[in-house]
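Using the sequences plus the hints, can you model the full thing?
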Amino acid sequence: MRFPRPKRPPDMGTAGVLLLSALVLPLIVGLLAGVLGATAAGGGSSAKPTTPQPPEIDLSELPTTADYPTDYPDPGYPTSAATTTANEAHTAAVGECFQDYGSGSTSDFRTVSCGPGTYQLIERFEGVSAQSYCDGVEDTNWVVTYSDQVLCLEYQYADEAGNAAIGDCVYGEQADGTWYQYECEPGTFKVVDRYYGSTSTDRCDARQDYYRTSRWYTNPDQSQLDAVLCLTYQFADDSYYAAKGNCVVASGGEGNLRLYAAPDCDSANAVITGRTNEYNPEFCRDHGWRGWRDDRYSWVNYTVCWRRK
Numbered sequence: 282m283r284f285p286r287p288k289r290p291p292d293m294g295t296a297g298v299l300l301l302s303a304l305v306l307p308l309i310v311g312l313l314a315g316v317l318g319a320t321a322a323g324g325g326s327s328a329k330p331t332t333p334q335p336p337e338i339d340l341s342e343l344p345t346t347a348d349y350p351t352d353y354p355d356p357g358y359p360t361s362a363a364t365t366t367a368n369e370a371h372t373a374a375v376g377e378c379f380q381d382y383g384s385g386s387t388s389d390f391r392t393v394s395c396g397p398g399t400y401q402l403i404e405r406f407e408g409v410s411a412q413s414y415c416d417g418v419e420d421t422n423w424v425v426t427y428s429d430q431v432l433c434l435e436y437q438y439a440d441e442a443g444n445a446a447i448g449d450c451v452y453g454e455q456a457d458g459t460w461y462q463y464e465c466e467p468g469t470f471k472v473v474d475r476y477y478g479s480t481s482t483d484r485c486d487a488r489q490d491y492y493r494t495s496r497w498y499t500n501p502d503q504s505q506l507d508a509v510l511c512l513t514y515q516f517a518d519d520s521y522y523a524a525k526g527n528c529v530v531a532s533g534g535e536g537n538l539r540l541y542a543a544p545d546c547d548s549a550n551a552v553i554t555g556r557t558n559e560y561n562p563e564f565c566r567d568h569g570w571r572g573w574r575d576d577r578y579s580w581v582n583y584t585v586c587w588r589r590k
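According to the numbering used here, the residues represented by the sequence shown are 282 to 590, in order.
These aren't lab readings, by the way, just hints derived from the structure by calculation.
All clues given are correct.
Each pair of labels, with its calculated beta carbon distance range:
(1) 430 to 536: 55 to 65 Å
(2) 545 to 407: 56 to 66 Å
(3) 484 to 407: 30 to 40 Å
(4) 536 to 466: 13 to 23 Å
(5) 417 to 524: 33 to 43 Å
(6) 404 to 547: 45 to 55 Å
(7) 417 to 394: 21 to 31 Å
Cβ coordinates follow ideal geometry from the N, Cα and C atoms, glycine included.
Structure, rendered in structure tokens:
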């Protein structure tokens, strides 16, 4: 069984600017799972935040966590109209970046250092003109065609997270600050959908799964490249999605206890006896408890109480 989706918290914020500050604080997400608990804390640095690090736990014999949806369709990519103006993109090497000084449907690419607001050349095809040559070229989100050449490009958004694909994980210390891509692990946000041509989050809000929040990016010159990411928070187990009365599988011992969704109550060995949307182990009194605390995104905090069947 899959636990019912909880009520979604308020939207955590957006990115929607071309250049964002790179000054961020490091992230340290601590996971305390003695008689079940988890916390998060942080410090200060000008470098990329530290990837959230749960304690070393052997999960080889534990059940698989809830299967976050992964079968969303490829969002595809917008395409430009064919251009005829000769520019430096014709002879550039794969990996170089350009600024577009053109207007309308005509591009005028000039070589610049790679960074936010530039286009990076991912692949080129000579002697052809069909934009379909870029289909399946990883990281491509913009295609420029000429009479004898096709360029597969990746627009560089305001921060590293802006170029994350479905299935990638991201995190930032502030909702409206600089975000980065990370290995997927507890304390990060996974991209469950991505779409172009809008900054509206309606498509994310309409989802009926583990979607939690959204993040949007803009291109000031090409609205077709405006992009929205639908995100879900990565917890260490399934307990966040459990409601009072749900049957679960309690696995592991002191220091690595986890609660997982059970196919049915006959397969379970524990029952959820209470829940609060705060990190408060005392809420459970003499019952077992499982919780999570993220000091930066308090709307993911929770505590569930449980007992053995």
